[in-house]
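Asker: So the protein lines, in turn, are chains A and B. Take the first sequence: its letters are residues 1 to 406, numbered as in my numbering. Take the second sequence: its letters are residues 1 to 406, numbered as in my numbering.
The hints are simulated quantities; they were obtained by calculation from the structure and are not laboratory data. The structure presented is a predicted model; accordingly, all values stated were derived computationally and were not measured. Worth double-checking, as some hints may not be accurate.
What the hints assert, rightly or not - Some residues of chain B that are not near chain A, with every Cβ distance over 10 Å (derived):
#: 1; residue: K25
#: 2; residue: G207
#: 3; residue: S310
#: 4; residue: F360
#: 5; residue: K404
Stated by the list, open to error - Covered, in the sense of this in silico footprint (three residues per stretch, anywhere, with C-beta under 8 Å from a C-beta of chain A), are these stretches of chain B:
#: 6; region: 9 to 21
#: 7; region: 48 to 54
#: 8; region: 75 to 82
Beta carbons: idealized from backbone N, C-alpha and C, even for Gly.
There are 2 protein chains.
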Amino acid sequence: MALIVQKYGGTSVGNVDRIQNVAAKIKEQWSKGHKLVVVVSARSGVTNELIGRAKALMPLPDEREMDILMSVGEQETIALTVIALHAIGVPAVSRTGAQAGIITDAIHTRARIVKITGGDIAERLEEGKVVIVAGFQGVTPDGQVTTLGRGGSDLTAIAVAASIKADICQIYTDVDGVYTADPRIVLSAKKMHEISYEEMLELASSGSKVMQSRSVEFAQKYNVPFEVRSSFNDQPGTLVKAIDKTLEDAAIAGVALDRLQTRVTVNDLPDNPQAIATLFDDLGQSGLSVDMIIKNLGKDGKSNLTFSVSTDQFVRVEKVVSQTLKKLGSGTVRSAGEISKLSIVGVGMISHPGVAGTLFKALASVGVNSELITTSEIKISVALDPAKADAAIRAVHTAFGLDKKA
Amino acid sequence: MALIVQKYGGTSVGNVDRIQNVAAKIKEQWSKGHKLVVVVSARSGVTNELIGRAKALMPLPDEREMDILMSVGEQETIALTVIALHAIGVPAVSRTGAQAGIITDAIHTRARIVKITGGDIAERLEEGKVVIVAGFQGVTPDGQVTTLGRGGSDLTAIAVAASIKADICQIYTDVDGVYTADPRIVLSAKKMHEISYEEMLELASSGSKVMQSRSVEFAQKYNVPFEVRSSFNDQPGTLVKAIDKTLEDAAIAGVALDRLQTRVTVNDLPDNPQAIATLFDDLGQSGLSVDMIIKNLGKDGKSNLTFSVSTDQFVRVEKVVSQTLKKLGSGTVRSAGEISKLSIVGVGMISHPGVAGTLFKALASVGVNSELITTSEIKISVALDPAKADAAIRAVHTAFGLDKKA
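Extracted from the complex, chain A is given alone in its bound form (with noise of 0.2 Å):
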């Protein structure tokens, strides 16, 4: 008998059917004797809805009242799920963010969870009951409404696993697991049994799009383990979980990719540590980040400096860095193209001599001489020409045998 906590996805509750395939697959693992706390998302296509009809009075609505608006789906969700499972006989009980104790800071639209104390939700379990928790959605200590931002509804489950010290947190998603690298690009890509939390952040943060990086951090932070699977059948996923780096025998976990990059060039910026420093906390300060860092030394003392950013956010941080620019009196920035980030990630790297020499290699077979190289303790990426992305994504995955994986 395990104390788990569930999560299912907006696509996974998308409408009255979903809703009922959701409560039986509930049902099964009650009827096993578990105590389950399970977080629901909205109905696919509910949130932005709220937002269309918000964003046709405004552009720009204020965003506490936007957490209102958008608080509103998952509280649909729970109260018909519970609904659902009354009907087959599970006893079955919903809480909104707030009744579950969800304390967050009061930055609207992308709130940080502060305290969880799991409001009546072991009283409820202990009665038999199945608890059905709003996900994304939380409240501030006095009483206003909080979202918590992209991957919201996963980083209740993962908190709300937490705070109650369940055995097991399974996110039940659209994908099966995670992969060695994305099974659409490369036809061999394993999904991996397990994966430890370290790995799982650098794929997050790598282009790997099956969790936001917030959520593997609070998980790794208060040691939750938690699976990723199918919401659509019963195999097993990927478990994610502390892992002894010492136990492990593969050099790469996996390999990921992350298209949507734009190379940033900023020419004669002044060379010395302060204007850099200058530069990379005013784009730090507007919630930009940077990545894949390179500074070469120009003419006249001044430096050039080149980075990627996501390709999304490029607009604002040529603004951001405009103003910085001005107010250090000297420099200009330019997007220098778009590029694709490839990135191996793997716990064991550090004990694999010749990772990267292999990596180099098979990129090399496939015509690619990067020039941007990042590298951290368990991961490397490396910056290339989008139209080499798949053939350099597959290569790689083959030239560290990826593809025979069990």
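Take the given structure of chain A and dock chain B to it, following the hints.
Answerer: Okay, now just chain B, sitting in the frame of chain A:
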């Protein structure tokens, strides 16, 4: 500069365009320096959609979960209304029922308000903000979401007006006031400028569908003057307030018609006060109200009862009465057909002799000879053949000179 509570129903906020219209009306008052609290309903159709989804899962869904589900509708509207106000430069903030401190009992789907703290409404008004409050919803002292049942948004508005001691509460609706009779039947019906709580109450319980009795009772209890007016034009509506009877000159304020009543006949009931008390007590316990009761002595020390009930409650009434009769050991219950109920209402009635004479003469002129009659201090109701109802109400309206009322 007045403190005004306004309430807009579901049709008035039915879509983004209409919400913009409501925002414009609010701005007009706000620009004059008035302080405004505005109660809004769910967009028309939304609550029924939500109920439809729940009933697709289960015919009789849990009422606690229905409240979680249904309260979503108003929560959407408050946010959209605030955003519409921001778009035209009016400072505004939304409050859910819980945030506005609408504290109720735990009778889900038809909760009663037990207290209104008002939350921080007064402070927000002081800051110059318009406060938009979700109608129809409340919260129990331990944080459970409740809804107030039919007419709940009107009740929210009246209750908020009472708690902040508003100068006036304006109920914007799809009719433009209270008429001397239903203008769709009586073409010469006139809109009343003002009417007393007592008359409004009698009209509400006599088939006039403008407002539910409970809201009028609440307004009377806390002496909240309110105005029923149209959200589609700028005409003044009907003011409902405390009126000194002695100042009244007209005998009759209006004529109401309730088309949907069923006459229930109970035969061979034990003829003792205890039996009749049990029967009406059992009906009351089940939330069923009866009207226009007549008792006749029958054969063998038994009595016969006739009374009227809302037709949509007849099935439940029959079930409850059957159980009571089984308990009492004697009696049968059956429907004696549908009736319409015509009522004349007026606080001046008591000081005007001959009112009953005028009424029955008018009824006789169209061939109505009613057997079921009830009277109160300010109302006389008669049951009649539905086929003769339209002719009867026109004749009565004319007989009391209401065609010529200002």
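Asker: If any of the earlier hints don't hold here, list their numbers in rising order.
Answerer: Violated hints: none; all satisfied.
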